[in-house]
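Residues per chain are reported as follows:
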Amino acid sequence: MKELTVRVSRFDPAKDESAHLESYTVNINEGARVLNVLHVIHDSLDPSLSFRYSCASGQCGSCAVRVNGEPVLACMEEARDGITIEPINLPVKKDLVVDLLPTLEAIAFLQPIKDAKLPDKSTIDAIKPLKDCIECLACVSVCPAVAVTKFLGPTAMRQEMRLALDPRDSGDRITDAVRNGLFTCTTCQACWKVCPKEIEIPAKAIEKLRAHANRKGLTLPRHLEVAALIRETGRSVPRTGVTFFEQIGEVLEPYGPVKATVGFFIGCMYNMRQVQSALDAMEVLKRNGIRVIIPKEQVCCGSPLIRTGQLASVDSLKQRNIETFSSRKIDTVLTMCAGCGTTLKNDYKTPFKVIDINELLTQYGIEPPARLPIKATYHDPCHLMRGQSIRDQPRELIRQVVDLVEMPSICCGSGGGVRSGNPDEAAALGSRRGEEIKKTGAEIVITSCPFCEFHIAGHTDKPVKNIATVLLEGYKEKDRMKGTPQKQ
Amino acid sequence: MLADDVVDCHVLVIGSGGAGVRAAIEASQHGETVLVSKTIVGKGGCTTMAEGGYNAVMREADSCGIHIEDTLKGGAYLNDPELVRILAHEAPLRMGDLVKWGAVFDVTDTDEIAQRPFGGQRFPRTCYAGDRTGHEMMTTLVERLDGTKVSLMQEYTVIDLLMDGEAVCGAMALDEKGRFVLLMADSTILATGGGTKVYDISTNSSSGTGDGYAIGYRAGAELIDMEMIQFHPTGAVFPYDARGRLVTEAVRGEGGVLRNSMGERFMQNYDPERLELSTRDVVARAIATEILNGRGTKNGGVYLDVTHLPREQIESRLPVMLEQFLKFGVDIRIHPMEVAPTAHHIMGGLRISTECQTTLPGLFACGEVAGGVHGANRLGGNALADTQVFGRRAGLAAGMTGKREKAVDLMQIEQQQDRLDAFLSGSETPAKVRVQLQQAMWKGAGIFRTAAELRDTLRMVTNLSKANIRAASPQNLAECCILQNMCLTASLICRSALIREESRGAHVRKDVQQKHDAQTSPFGHTFLSQSREGIERREADA
Numbered sequence: 027m028k029e030l031t032v033r034v035s036r037f038d039p040a041k042d043e044s045a046h047l048e049s050y051t052v053n054i055n056e057g058a059r060v061l062n063v064l065h066v067i068h069d070s071l072d073p074s075l076s077f078r079y080s081c082a083s084g085q086c087g088s089c090a091v092r093v094n095g096e097p098v099l100a101c102m103e104e105a106r107d108g109i110t111i112e113p114i115n116l117p118v119k120k121d122l123v124v125d126l127l128p129t130l131e132a133i134a135f136l137q138p139i140k141d142a143k144l145p146d147k148s149t150i151d152a153i154k155p156l157k158d159c160i161e162c163l164a165c166v167s168v169c170p171a172v173a174v175t176k177f178l179g180p181t182a183m184r185q186e187m188r189l190a191l192d193p194r195d196s197g198d199r200i201t202d203a204v205r206n207g208l209f210t211c212t213t214c215q216a217c218w219k220v221c222p223k224e225i226e227i228p229a230k231a232i233e234k235l236r237a238h239a240n241r242k243g244l245t246l247p248r249h250l251e252v253a254a255l256i257r258e259t260g261r262s263v264p265r266t267g268v269t270f271f272e273q274i275g276e277v278l279e280p281y282g283p284v285k286a287t288v289g290f291f292i293g294c295m296y297n298m299r300q301v302q303s304a305l306d307a308m309e310v311l312k313r314n315g316i317r318v319i320i321p322k323e324q325v326c327c328g329s330p331l332i333r334t335g336q337l338a339s340v341d342s343l344k345q346r347n348i349e350t351f352s353s354r355k356i357d358t359v360l361t362m363c364a365g366c367g368t369t370l371k372n373d374y375k376t377p378f379k380v381i382d383i384n385e386l387l388t389q390y391g392i393e394p395p396a397r398l399p400i401k402a403t404y405h406d407p408c409h410l411m412r413g414q415s416i417r418d419q420p421r422e423l424i425r426q427v428v429d430l431v432e433m434p435s436i437c438c439g440s441g442g443g444v445r446s447g448n449p450d451e452a453a454a455l456g457s458r459r460g461e462e463i464k465k466t467g468a469e470i471v472i473t474s475c476p477f478c479e480f481h482i483a484g485h486t487d488k489p490v491k492n493i494a495t496v497l498l499e500g501y502k503e504k505d506r507m508k509g510t511p512q513k514q
Numbered sequence: 067m068l069a070d071d072v073v074d075c076h077v078l079v080i081g082s083g084g085a086g087v088r089a090a091i092e093a094s095q096h097g098e099t100v101l102v103s104k105t106i107v108g109k110g111g112c113t114t115m116a117e118g119g120y121n122a123v124m125r126e127a128d129s130c131g132i133h134i135e136d137t138l139k140g141g142a143y144l145n146d147p148e149l150v151r152i153l154a155h156e157a158p159l160r161m162g163d164l165v166k167w168g169a170v171f172d173v174t175d176t177d178e179i180a181q182r183p184f185g186g187q188r189f190p191r192t193c194y195a196g197d198r199t200g201h202e203m204m205t206t207l208v209e210r211l212d213g214t215k216v217s218l219m220q221e222y223t224v225i226d227l228l229m230d231g232e233a234v235c236g237a238m239a240l241d242e243k244g245r246f247v248l249l250m251a252d253s254t255i256l257a258t259g260g261g262t263k264v265y266d267i268s269t270n271s272s273s274g275t276g277d278g279y280a281i282g283y284r285a286g287a288e289l290i291d292m293e294m295i296q297f298h299p300t301g302a303v304f305p306y307d308a309r310g311r312l313v314t315e316a317v318r319g320e321g322g323v324l325r326n327s328m329g330e331r332f333m334q335n336y337d338p339e340r341l342e343l344s345t346r347d348v349v350a351r352a353i354a355t356e357i358l359n360g361r362g363t364k365n366g367g368v369y370l371d372v373t374h375l376p377r378e379q380i381e382s383r384l385p386v387m388l389e390q391f392l393k394f395g396v397d398i399r400i401h402p403m404e405v406a407p408t409a410h411h412i413m414g415g416l417r418i419s420t421e422c423q424t425t426l427p428g429l430f431a432c433g434e435v436a437g438g439v440h441g442a443n444r445l446g447g448n449a450l451a452d453t454q455v456f457g458r459r460a461g462l463a464a465g466m467t468g469k470r471e472k473a474v475d476l477m478q479i480e481q482q483q484d485r486l487d488a489f490l491s492g493s494e495t496p497a498k499v500r501v502q503l504q505q506a507m508w509k510g511a512g513i514f515r516t517a518a519e520l521r522d523t524l525r526m527v528t529n530l531s532k533a534n535i536r537a538a539s540p541q542n543l544a545e546c547c548i549l550q551n552m553c554l555t556a557s558l559i560c561r562s563a564l565i566r567e568e569s570r571g572a573h574v575r576k577d578v579q580q581k582h583d584a585q586t587s588p589f590g591h592t593f594l595s596q597s598r599e600g601i602e603r604r605e606a607d608a
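Residue numbers (this note's numbering), protein chains in the order written: chain A, 27 to 514; chain B, 67 to 608.
Check each hint, because a few of them may be wrong.
Claimed, not checked - Mimicking BS3-like on lysine-lysine, the simulated pairs with C-alpha atoms at most 25 angstroms apart in a straight line are: (1) B:Lys364 - B:Lys472; (2) B:Lys576 - A:Lys41; (3) A:Lys230 - A:Lys344; (4) A:Lys28 - B:Lys364; (5) B:Lys364 - A:Lys219; (6) A:Lys140 - B:Lys166; (7) B:Lys498 - B:Lys469; (8) B:Lys393 - A:Lys154; (9) A:Lys143 - B:Lys166; (10) A:Lys219 - A:Lys371; (11) A:Lys154 - B:Lys472; (12) B:Lys509 - B:Lys364; (13) B:Lys472 - B:Lys509; (14) B:Lys243 - A:Lys119; (15) B:Lys243 - A:Lys28; (16) A:Lys28 - B:Lys393; (17) A:Lys140 - B:Lys364; (18) A:Lys312 - A:Lys344; (19) B:Lys498 - B:Lys509; (20) B:Lys166 - A:Lys147.
Said to hold, decoys possible - Examples of chain B residues toward chain A, derived with CB under 8 angstroms: (21) Ala69; (22) Asp70; (23) Thr105; (24) Pro305; (25) Gln390.
As the list claims (entries may be wrong) - Residues of chain A clear of chain B, computed beta-carbon distances all greater than 10 angstroms: (26) Lys147; (27) Val263; (28) Asp418; (29) Val431.
Source of the hints: derived by calculation from the structure; they are not laboratory data.
Keep in mind that this is a model prediction, so the values were computed, not measured.
No residue lacks a Cβ here, since even glycine has one placed at the ideal position from N, Cα and C.
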């Protein structure tokens, strides 16, 4: 037996105006789960504690709760001292019990055709991974789109895809999915990162449904425009000024000895919109011994097409980009756009290694910048944190130059074609980010994605800066204090 | 006012597992149907946890005759042969329903439903969806249910049946806040599942508390073979709080081997022909014997090993097992599992006709709460088939029953309300009583039994059932009712186990010497009701 203390969210609508945390100290067995802690509290300390459970073995999806803010199944998550147990983010009925029924009832069901027959093996194999869902609704509870728009949620889309694949179903699932919010998903990946069954809903359902929608002519007009632009120019944004490529040579030599050589995949946004961020990043790389090769025939990575289900020209983009770097025998390709990075890593099969700038700089270590007397908060780009599992590296860099105040990691609303296709939703999510930023009391917002930089800037009065820019400011301050002239 | 709410319908289905949902789907074609469930439909019950599979004759090379023989032999010839015949013949038809409704069972390279070998069967007859077969069935059934007009009352706990004289005319229930609700129906179907939660170590979900046995018994129904408790050979042993969690028979079906702490493949000593794929009663006793004789692991189990199988096979056929054990720190691709027997299934239950009619007019029963299908030991894979075959039959028969005038006897409602009021002024913590009950049952009514231990256990259970348990608030009332159901179910198990003075299938009486085997046994079903109890004698021997 061991003793531990946990805090549990308590709320009785008959008595309480809002939820509060109650602390309990319990004795539990070695290896006990969160559910066992709840049982001990209910059985020996407070029989009024309400929580839902059934199978206690991860198979029924009754007991999803948040532990330290993260949704988990109470029956599978090991109990630890000091944890906080709260309901998942759905309407709370009492204590840890949330109202699952409205969401469950809205999930589509199969409507059999007459004389339905067993599908063939390849169809079964395609459907199977989508059927592991235990409808715990952890995904719905973290979905940013559900919070601000009419979207039935990730698992409802998983089910639409499962039905769309099944020849026994008579429904028009693509039209239904579009009506139920298919294009409101920002592909932030929050849903499947909390899924106890690890069902990759954005890639395996949302993007697939969007591809079906494309074939049915249901792609949003703004998304069609982006696809047309890529077809014409190879870039997903129109030219508005001098590009990054026009200001820089094909090879950038570092100031000091070469620690590493990388090819640089710029991405449309850094090449044509957030150009200064990219220039700042080059300066930081030069100061840190990174030799950068910048082949200029590279084109859009295809992410705006893949996320919106417009796959027709994606393969040719992939081929051209891969050829661009492999023909130069480049073995490591650097990305600084979170969206391009996640696409190259997850949607491409590359003969070279793909590395994000935060990974690269922390891997080789950086020259210490001067500390700036600034309080900053960091916005995790979805396609960096969840798409590439890069969470700690940006923080490691930021803490070397400014004070960091954390805020919850939530999508800013710009991804998945939502900023162009559903601007109201994107604005609503952006405003939520603005509020979180305000709560931190930070003077600047740092991030590491051009879409996030661009979008968040419209929803906060604080400056939004790229990590590279802040590092460069640290170097400039260092140079100024030393009295040495700035390197150009 | 009679109650906080009154519902009137043609068919009332109590329970939302595989049998209850199947029954409701069928009944809804014949009139207004209400399904009441103490959990969210699709999440409660044990069907959704069922892992291994569904037995059905699907191939030319197999036959219903062999399925019947296997089931009767596995059941130690205590099964009701007519129910077995129906099970074997209708299991493929009900599988056809599931397929038509969208079930995603695994298929072979030639696009036929795949089947794996399970214990005690001479043909690989067990259809499956990985090791989440029951979950696949439940999602399919709930989707079909969504397509019917069945009204769902979710998270309502039925506490007793409503009587109109000798006939059942509905049920009394509590909602999640403890409010009293009357449900009136022309026909009522009990599909409440099993009750091995009365044991300290059990595979069951939170709903496996024996409510249906207790509710049926209190209403006057007759139950048979309640001593027949299946101890599944392979339950988890670590961590302590996960003890009893099911480790599917599919692990052995896929080729898993059992070894004791000396590394011996001990099944060679118990059933050299069928080895690990012997019937569950035999394997459970073998494991229990190895552990009792000091050849167990330090966590009190034996090893179940699949490390010799290809990783891909483990990952695709046993994904739930892999995931669960990984969560508890064991990678079954590299290390053996540790397992020990766990209370799994109650073969006994309400006596039913082939149309699932119980001994009470107006009351039907299907699924685990009904007795007779599985005899003295159930074959793995026959329970899921049972839920569908008899769920449909119960729904059909109940639905076809005519409408009738229902006169609710007000006395029973007053009595019920007095019972509930008493809980609110009770003094003992239900959890303490529950733990004592579960430990007493595990110790005294487990795998190996004697009359003396059973009598002691029955005495303890009877005392516990009289405990002055306390509901801290109206929302805790259901918990008290359920605990009393557990106590009553436990007492039915002990009483039946005392009545059956022989070893048969899952029921082993160490204190009884016998010359007969299962086939020559002079005994038939044990039976219990409020008005009589005893054991049937076979006509040939009478």
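Evaluated hints:
A threshold of 25 angstroms between alpha carbons decides the hint, and for Lys364 of chain B with Lys472 of chain B the separation of about 60 angstroms lies outside it, so the pair is violated. Taking the CA atoms of Lys576 of chain B and Lys41 of chain A, the gap is near 57 angstroms; set against the 25 angstroms cutoff, the hint is violated. Proximity of Lys230 of chain A to Lys344 of chain A is assessed by CA-CA distance (about 20 angstroms); at most 25 angstroms being required, the pair is judged to hold. Only pairs whose Cα atoms come within 25 angstroms are accepted, and Lys28 of chain A paired with Lys364 of chain B is accepted, the gap being roughly 20 angstroms.
Distance check on the hinted pair: Lys364 of chain B and Lys219 of chain A sit about 36 angstroms apart at the alpha-carbon level, beyond 25 angstroms; violated. Of the supplied pair hints, the one linking Lys140 of chain A and Lys166 of chain B holds, its CA atoms being roughly 9 angstroms apart against a limit of 25 angstroms. For the hint linking Lys498 of chain B to Lys469 of chain B, the alpha-carbon distance of about 45 angstroms lies beyond 25 angstroms, and the restraint is violated. For a cut-off of 25 angstroms, the pair hint linking Lys393 of chain B to Lys154 of chain A stands: about 22 angstroms separates their Cα positions.
Distance restraint check for Lys143 of chain A and Lys166 of chain B: the Cα-Cα separation of roughly 6 angstroms lies within the 25 angstroms cut-off, and the hinted pair is therefore satisfied. The suggested pairing of Lys219 of chain A with Lys371 of chain A holds, with an alpha-carbon distance near 17 angstroms, which does not exceed 25 angstroms. For a cut-off of 25 angstroms, the pair hint linking Lys154 of chain A to Lys472 of chain B is broken: about 47 angstroms separates their Cα positions. Note on Lys509 of chain B and Lys364 of chain B: the hinted pairing holds, with a Cα-Cα distance of about 20 angstroms set against a maximum of 25 angstroms.
Restraint check for Lys472 of chain B and Lys509 of chain B: not satisfied, since their Cα atoms lie roughly 45 angstroms apart, outside the 25 angstroms limit. About 11 angstroms separates the Cα atoms of Lys243 of chain B and Lys119 of chain A, which keeps this hinted pair within 25 angstroms; it holds. A C-alpha spacing of about 34 angstroms is found between Lys243 of chain B and Lys28 of chain A, which places the hinted pair above 25 angstroms, so the restraint is violated. Restraint check for Lys28 of chain A and Lys393 of chain B: the C-alpha separation of about 20 angstroms stays at or below 25 angstroms, so the hint holds.
Of the pairs offered as hints, the one joining Lys140 of chain A and Lys364 of chain B is violated, with about 57 angstroms between alpha carbons and a cut-off of 25 angstroms exceeded. Proposed proximity of Lys312 of chain A and Lys344 of chain A is contradicted: the alpha carbons are some 28 angstroms apart, above 25 angstroms. As the CA atoms of Lys498 of chain B and Lys509 of chain B are separated by approximately 17 angstroms, the hinted pair is consistent with the 25 angstroms bound. For the given pair, Lys166 of chain B sits about 16 angstroms from Lys147 of chain A by alpha-carbon distance, which is consistent with the 25 angstroms threshold.
Because the smallest distance between the Cβ of Ala69 of chain B and any Cβ of chain A comes to about 20 angstroms, over 8 angstroms, the interface hint for this residue is violated. The criterion of a C-beta within 8 angstroms of any C-beta in chain A is not met by Asp70 of chain B, whose closest approach is roughly 15 angstroms, and the hint is violated. Checking Thr105 of chain B against chain A: minimum C-beta separation of about 5 angstroms stays under 8 angstroms; hint holds. At its closest, the beta carbon of Pro305 of chain B sits 3 angstroms from a beta carbon of chain A; the interface hint therefore holds under the 8 angstroms criterion.
This hint holds: Gln390 of chain B has a C-beta 6 angstroms from the nearest C-beta of chain A, less than the 8 angstroms allowed. The beta carbon of Lys147 of chain A sits about 5 angstroms from the closest Cβ of chain B, which is not more than 10 angstroms, so the claim that it is off the interface is violated. Interface exclusion of Val263 of chain A from chain B stands, the closest Cβ pair being 42 angstroms apart, more than 10 angstroms. The claim that Asp418 of chain A lies off the interface holds: its Cβ sits roughly 24 angstroms from the closest Cβ of chain B, which is beyond the 10 angstroms cut-off.
For Val431 of chain A, the condition that its CB be more than 10 angstroms from all CB atoms of chain B holds, with the nearest at approximately 34 angstroms.
Violated hints, listed in ascending order, are 1, 2, 5, 7, 11, 13, 15, 17, 18, 21, 22 and 26; each of the other numbered hints is respected by the structure.
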